[in-house]
Every structure is written in C-alpha cells, then in structure tokens.
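Read top to bottom, the protein sequences are chains A and B. In terms of our numbering, the first sequence has 177 at position 177, counting the first letter as 1, and numbering is strictly consecutive. Basically our numbering = 1-based index in the second sequence + 1000.
Hints may be right or wrong, so weigh each one.
[Unchecked claim] Looking from chain B toward chain A, a few residues come up when the C-beta cut is under 10 angstroms (computed): (1) Asp1002; (2) Met1134; (3) Gly1136; (4) His1179; (5) Gly1182; (6) Gly1185; (7) Ala1258; (8) Thr1259; (9) Gly1262.
[Said to hold, decoys possible] Here are the in silico distance ranges between beta carbons for each label pair: (10) B:Leu1078 x A:Thr130: 52 to 60 angstroms; (11) B:Ala1157 x A:Gly109: 17 to 25 angstroms; (12) A:Ala181 x B:Phe1271: 53 to 61 angstroms; (13) A:Glu177 x B:Leu1278: 26 to 34 angstroms; (14) B:Ala1272 x A:Gln114: 49 to 57 angstroms; (15) A:Val107 x B:Gly1118: 21 to 29 angstroms.
Keep in mind that the hints were calculated from the coordinates and are not lab data. From the three backbone atoms N, C-alpha and C, an ideal C-beta is built for every residue, glycine too.
Chain by chain, the residues:
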Amino acid sequence: MSRLIASDIVTGYGKQEIVHGVSLTADSGEITCIFGPNGCGKSTLLKAIAGALPAWRGEVRIDERALSNLPAHMIVRHGLVMMPQGGGVFPRLTVLENLRMGGYAVVDGRLVEQRIETLLEEYPSLKRRTTVAAGSLSGGEQMMLALARALVSEPRFILLDEPSAGLSPALVSQTLERVQALTRHGIGIVMVEQNIREALPMADRLYILAAGETRFEGTPQDVRDDAQLMEIYMGQDSASATDALS
Amino acid sequence: MDLLLQTLLNGILIGGIIASFSIGFQLTFGVLHVIDFAVGAWVVLGGYLAYWMSTLLGVGGFVSLPVAFVVFGAIGYLIGPVIYRVRNSRYARPELMALALTFGLFTLLRGGALTLWGFNTRSVPTALSGESLMIGSVTVPLLRVVAFAFACAVAAALFLILYRTRYGLAIRATAENRHNAGLMGVDVQRLSANVYGLYAAVTGMAGVLMAAIYSVNPEIGLRYTLFAFFVAVLAGLGSVGGAILAALLFGIMESVVATYVGSSYSHLAIFATLYLVLLVSPRGILQRGL
C-alpha cells in the first residue's frame, strides 16, 4: 500500500503561472481522476508531478520518499511513470524497442526482457507485431503499447494524460477497461480525462480543477449528490455523467 | 575509362571519411536539435593535433588517431552540456541562440587557429603517404584506402552502438522525442553531452585523416562545415543511414566535377545539387529520419 501525495503545487510555463497551489492524494490500487475544463491546468499538474515540468513550489512524495525537484528521469526510478497525451510512443522505433524503452530505468536488462515477454502474453495484438514500427499501429494499438510500456518498469503509480483522447467510442471503453485492470495489480492510477461519462464510474477519488485551482475534491458519490457542481463543472456532460452513476 | 574509374575510386574513398563525421553530425542534430556549425573546426583542429604531434614528437599520423579521439571526446563532452543549456533555455528563440553559439564557436576556433598558427598550410606525414598500388591502370593510394577502411570501421561501430545496445536505443528514442525519452528514464542532458563528445571525437579523427590525405590550414574548416551540411540536407536532417549514402554520393560528385569540369566548379555543382534536392525532395533522399 503506497500513497502519492502532491501538496500545494505551483507551476507554469515560462513566466506564466498556470497551476496555483493544487494538492492531490492518490492511493495504490485506486483510480484518481482529475476533471475540469480545457486549459484549467490538469495536464500541467501531471507534468509537474512527473518532473517533466519543474514545480515552482510544493512537494511531491510517494510515502516517505520526497520526489519534488527530481528530474523526470529520476522520478521513474522511484516508481512513478507518466504517459503523456496520445501515449507518447516513439513512432520510428519498433513495438519491442518501445517496450524496451519502458524498461530503460531498470538496471537489469534480462529482467526487462522477461517482463516484456510476460506482458506480451497479456497484449496479444502487440505480440504479433513486435518488429513493426510503432508509428504504423492504429491509435488504439498505440495506446495499448503505451500502457504496456508504462508497466515494464513495474511502477507503483501511473499518471495518464487523457488516455481516451482521439480514440473511437469502442476503443475508449476498451482502453479504460485496461486501465481499470491495472489497479488489480495494486498500481495507483492518476488520470486526467475529458471523457467524464466513461471515467467517472471508474474513479475512486476525484478532483475538479478550474483555472488552476481545486474546486472540488471527493468521491463520485459526492458529485452525484451535488447537482449544482455537476452543472457548473461538468457542463453539457453532466446529465450523462449522472446517468452513468445512477 | 581508366580516368573515370580513378575518379570514382577517389570519390568513394573521400566520401567514406566524410560519412564518418556526417553520422555524428546527424546524431547531434537528432539529439540536441542543433546544426553544429563547429563541425569544420573539429576537423581542422584534428588535423593540427596530428601536425603538432608529428612536428614535436616525430610520430606519424596514425598514432594521432587515438589521441584525437580522447582529446576531442573530452572537449565535446565539456561543450555538449553548454549547447544543451542554450538550446533548452527558457529565453526567447533558443534554436536560433544555439545556432549562433555553434557558429560563434566555429568563428572563435578558426580565429584562434589563425592567430596561433597563421595561414600556412601544414601537412601530416604518415607511413603510407605517397604509397600506392596499381590495379590495372588505376592508381590506388594506400593512405586513402586505409583511411577509408578506418572510417568504415568507425561508422560500423556507431551503427552497432545505435542498433545493438540499450544506450543506442535511448539515443534513437531521444532523437525522436526528448520529452518522452526523459519520461522513460533517459537523462537527456547527459546523453546529449555523451553524443556530442562521441561526435567530436570521431570528427577529430576524421580531421587527422583529412590532414594526412590533403593538408590542413585554419581556413579550410568552412569547407568541411559545408560538406557536412550538404550531406545532412541531402540525406535528410537527422538521418544516419542516409548520411552514409549522401556522403559517398557527395565524394563521387565532387571528384567527377573536379576531374571533368574543374575543381573551381565543385562548389557550384554542390549547391546546384542541394537546390535541386530541396526542390524535389525537401526531406532528403531517403525521406525519413534516424
């Protein structure tokens, strides 16, 4: 049982402050969702937690281990992996090479090969195409590859930036099911999603950001009880989100 | 017919050496996203290293090769992070600033070489200088053959690193997307420094060979920068496989133009070709990257 705690994160691009002191807690084996309108700083927050963007202020910890201000490549070594929007596979590398990159932070190369072999059993569509350039896979397959790749380093927490973006409705459910399956291995998921309808029922804990600040923090149950909140922050999607919950 | 064979052979032999440092030039572009104008300066300084080693210590050119590797590797390893910092700074137009930095470096090194060593052209003696084999009526200059073989070995070693090691995989991943490579656990800054060091080391060695085959003077660096740039554009910026092909083509073309038209036209031919390639296939002859 691990806990990821980000407290009072302030960050932005250049001189532009985008996230104004957001705190977040996520537990292993659970799905923590971050919702909010476009441009509210969701992705920026994820990047700051993963070290891809320096946090100007605030602290990130997994249990007692402080990760704040470590560069991204060190944070991976502490069990926190981020999947950027679109999956972030390397299109010109093969599927197998992409998976190997997922294990780059693991010192023992043979261990990486073993893990990849085990993972490929769970992802048969990838197993058939290990020598194919990742760029020639379909969007859904690339997302599968990105998820599989995130697992090679056996992380405790995975940050997902809009895993459903750009996928067809059928693939959205399939991808989110995969994500949910990860929690059964005890991995904690922190997920930014636009597709509230699909993601809300999966969430164990959720945060709603607006204009770089936390506007709501709680469980899906709390949201359902607060019709006004649904209306304001979920916009047009609120009705369907309520449906999904009831 | 013999003249044509001779011309082609000379072109290929020189093209091989150009290929050896063009690969590094491409890698540097892929990883650091900088067109390294200083490439010609490393070639020239490699030549001067060999010249001074032969003058002061009396050793032949080949002995300088490992020394050049170590010396320029170290210099590149130290300069790499500086280029990385400038290229990734938060100030305006970092890509332009990085370009200005390598151009400034080139100017500084060229000026330094001029001040220190003057305009004189220096040559580097080797055990094989002047030796040649006759195959039919074609003269095969041994020094060029050995230099070519050496350059091929270097290119092969780079390919082995790139395609057969975990570190090479990380280099290729970084060349595709630095940010995502960082998220996978690659220390992009250190990797960039290592790649620049490796590239400077290889380029310094190519400089030793070039000085041994031709000669070296401070002004000749610009030529080599142009060569590398030409090869890179012909190959498609960042393409390693294309660089070898393009360098060989370049060597042959220069040799053919110099023999049949006149060496003063070779630059004209180079730029005319470059223009045509950019017009027809702006992404280079192979149409793909690394």
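Practice item. Double-check B:Met1134 for me: the hint is only fine if its C-beta lies closer than 10 angstroms to a C-beta in chain A. Key: 46 angstroms, violated
Point to revise | Restraint satisfaction for B:Gly1185 [CB to CB of chain A, less than 10 angstroms] | key: B:Gly1185 check passes; min Cβ-Cβ to chain A is 3 angstroms, inside 10 angstroms.
Check your understanding: Against chain A, with CB atoms and a cut of 10 angstroms, does the hint on B:His1179 hold up?
Key -> Holds: closest Cβ of chain A sits about 6 angstroms from B:His1179, inside 10 angstroms.
**Study point:** Cut-off 10 angstroms, beta-carbon criterion: hint that B:Thr1259 touches chain A
**Key:** 39 angstroms, violated
Point to revise | A:Thr130 and B:Leu1078 - C-beta distance against the hinted 52 to 60 angstroms | key: 40 angstroms, violated
Check your understanding: So does B:Ala1157 sit 17 to 25 angstroms from A:Gly109, Cβ to Cβ?
Key -> At roughly 20 angstroms between Cβ atoms, A:Gly109 and B:Ala1157 fall inside 17 to 25 angstroms, so the hint holds.
Practice item. Just tell me: holds or violated, for the beta carbon distance of A:Val107 and B:Gly1118 against 21 to 29 angstroms? Key: Because 52 angstroms falls outside the window, the suggested range is violated.
Practice item. With 49 to 57 angstroms as the target window, see if B:Ala1272 and A:Gln114 comply at their CB atoms. Key: Taking Cβ atoms as reference, B:Ala1272 and A:Gln114 lie about 55 angstroms apart, which means the hint holds.
Check your understanding: Do the numbers back the hint for B:Ala1258, that is, is its least Cβ distance to chain A under 10 angstroms?
Key -> Violated, about 37 angstroms.
Check your understanding: Is the hint on B:Asp1002 kept, meaning its closest Cβ partner in chain A is under 10 angstroms away?
Key -> The hint is violated - B:Asp1002 has no Cβ within 10 angstroms of chain A, the shortest such distance being about 44 angstroms.
Review point. Does B:Gly1182 pass the interface hint, meaning its C-beta sits closer than 10 angstroms to a C-beta of chain A?
Key: 4 angstroms, holds
Check your understanding: Does the interface hint hold: is B:Gly1262 within less than 10 angstroms of chain A, judged Cβ to Cβ?
Key -> 42 angstroms, violated
The earlier numbered hints that this structure contradicts are 1, 2, 3, 7, 8, 9, 10, 13 and 15.
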